[in-house]
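Peer 1: If you read the sequences in order, they're chains D and C. Using my numbering, the letters of the first sequence map in sequence onto residues 1 to 249. Using my numbering, the letters of the second sequence map in sequence onto residues 1 to 313.
No incorrect hints appear here.
The following label-pair restraints were derived from C-beta to C-beta distances:
1. Asn244(D) / Lys184(C): 32 to 40 Å
2. Asp240(D) / Ser172(C): 56 to 64 Å
3. Ala205(D) / Lys194(C): 48 to 56 Å
4. Gln67(D) / Glu181(C): 35 to 43 Å
5. Asp210(D) / Glu164(C): 34 to 42 Å
These are computed hints drawn from the structure, not numbers from a lab. Beta carbons are placed, not taken as given, at the ideal position from N, Cα and C, and that holds for glycine.
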Amino acid sequence: MKILVPVKRVVDYNVKIRVKADQTGVDLANVKMSMNPFCEIAVEEAVRLQEAGTATEIIVVSVGPTQAQETIRTALAMGADRGILVQTDEQIEPLGLAKILKGVIEEEKPDMVILGKQAIDGDNNQTGQMLAALLGWSQGTFASEIALDGDKLTVTREIDGGLQTIKLAMPAIVTADLRLNEPRYASLPNIMKAKKKPIDEKTIADYSADAAPRLEIVKVTEPAAREAGIKVETVNELVDKLKNVAGVI
Amino acid sequence: MSTLLIAEHNNQSLSESTIKSATAAVQMGGDVHVLVAGAGCAAVADEAAKMAGVSKVLLADDAQYEKQLAEPIADLVVSLAGDYATIATPASTNGKNFMPRIAALLDCSQISDITAVIDANTFERPIYAGNAIQTVRTSEAKKAITVRATAFAAVEMSGSAAVEAISATANSGLSEFIGEELTKSDRPELTSAKIVVSGGRGMQSGDNFPMLEKIADKLGAAVGASRAAVDAGFVPNDYQVGQTGKVVAPDLYIAVGISGAIQHLAGMKDSKVIVAINKDEEAPIFQVADYGLVADLFNAVPELEEELGKIGL
Ligand SMILES: Cc1cc2nc3c(=O)[nH]c(=O)nc-3n(C[C@H](O)[C@H](O)[C@H](O)COP(=O)(O)OP(=O)(O)OC[C@H]3O[C@@H](n4cnc5c(N)ncnc54)[C@H](O)[C@@H]3O)c2cc1C
Ligand SMILES: Cc1cc2nc3c(=O)[nH]c(=O)nc-3n(C[C@H](O)[C@H](O)[C@H](O)COP(=O)(O)OP(=O)(O)OC[C@H]3O[C@@H](n4cnc5c(N)ncnc54)[C@H](O)[C@@H]3O)c2cc1C
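The task is simple: from the sequences and hints, build the whole structure.
Peer 2: See the structure below:
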């Protein structure tokens, strides 16, 4: 079975981002970038399926600037076999991204695609579901467990009320939630090996996908700041404040 | 210029987040119709018909819609979408699952998790875990919207819209429901509770959560948790508050043994009043807390229970 894993280069989750003064976006100059944490989980799941003998090849694809090569290398060091960089300096919206990925899939013909459930910058939580729609495939989102069962995929999903289990026709789209697995750190020898693994360079035009932006960002602003609070000395004082000052109990 | 609001429900009653999302739908202007798709869910349609501002309820009652799986719901909505400029639904795990599928089938963009309606085509939404607010405008003929329900008030239940039964679309058979494990609790639902008491890694074990539950029961509160507490197995996944868990905005949020990582703050910093109990006075949670108590939770929480008792709770 061939697995495709789309990965995104994002601002590292530890970075406290700053909104630009001119309200055009977020200041990304000299900020540490990493693989989106949910994409790491997706890569890890694919590697585990390969170690279990279920998967035969893992291809990672990233749509983004030249530096997204580093993100692909990280995935290769974790165990993926080869990479595809669809080079663009434009901001691609989820629908455009899904159209590009559809083009990649038509060429590579994977049996399963594992994505992260959301990218921690855009927080859109759309790409996997849109891709499933465009391909007419089934979708197992927010997965905390997956198991291949003949020609069906059993997916346990994290939902608002708890956990849900569904069975999907293959090929399928899976999006990874936090508890699907704990991603490994790449070992030094594997990082060295990854340097020799191939990365194909492509452009959006290669897939004749219409990825032109459709949305206009009017502005990006700081969220309203909370007023500074106080420290209370005792539990008694806390209860008094909640009852008599805030009036919330 | 009308809106189709897809109701979230459990086949028995309408979710509070649907009633709040209706406010966003009404703010977009034009007619608001509600789709109730489920199995044996006629009572939900009757409830939806009471939402003020709703002029029609479409009821699709069919076994394939019982669990609102993405594939059949998307096919149904696409068959109805011709008449609507906007398709909206709460940004719950259900809506997040099916809405992008609908958007892609309609070849339109989705604007996720809106927190304000500026006009029919312009919306605010948080990005980067709520550390920035984006104002987005669309000029497309159709759009898909998921609504962060905690940012909107509920509509009045004073309306009386007509309910119209509609037929199901063919089932593609791509997905099949196998089972679910739902957390049972008599406490209020996390995202709509007026008070939330959450525990973090500082709780040390799931065995210590009953301490928080006692407080919650005195206050009529829901119990939540940080990711660390869920990952450690103290409580089930559906307790998680944060960027990638649930977003809550209660009148009172009490964070116990939670450090206040940005991913956690993303899920609770719009609460009206925040209380933090943490033994580390440098913990970032104190930066957003209205009332901070630097204390060992294993002393402070039992004491809190006692003090609440003293004021008759
Ligand atoms: C209105 C709007 C404003 C935007 N503003 C900005 C901005 O200010 N700054 C900015 O950097 N970007 C911006 N973008 C781009 C945005 O951050 C995303 O790159 C894009 O919308 C995809 O959404 P997401 O990453 O949130 O996808 P999600 O749907 O949340 O991502 C889910 C999964 O899709 C896959 N995936 C996502 N992106 C890629 C990719 N490029 N290559 C391969 N796989 C991928 C990954 O597996 C990921 O885990 C904006 C987009 C929109 C629609
Ligand atoms: C992609 C991604 C998504 C994430 N999504 C989420 C999310 O949705 N929600 C979320 O919560 N996190 C999320 N996280 C994790 C987040 O970064 C933090 O790791 C997590 O919130 C920490 O949980 P915590 O505060 O319980 O634990 P810690 O950071 O370990 O804090 C424990 C706190 O308890 C205090 N404490 C310990 N013992 C006592 C005691 N006896 N009395 C009083 N105080 C005590 C300590 O001083 C400390 O401040 C995410 C991370 C990533 C990378």
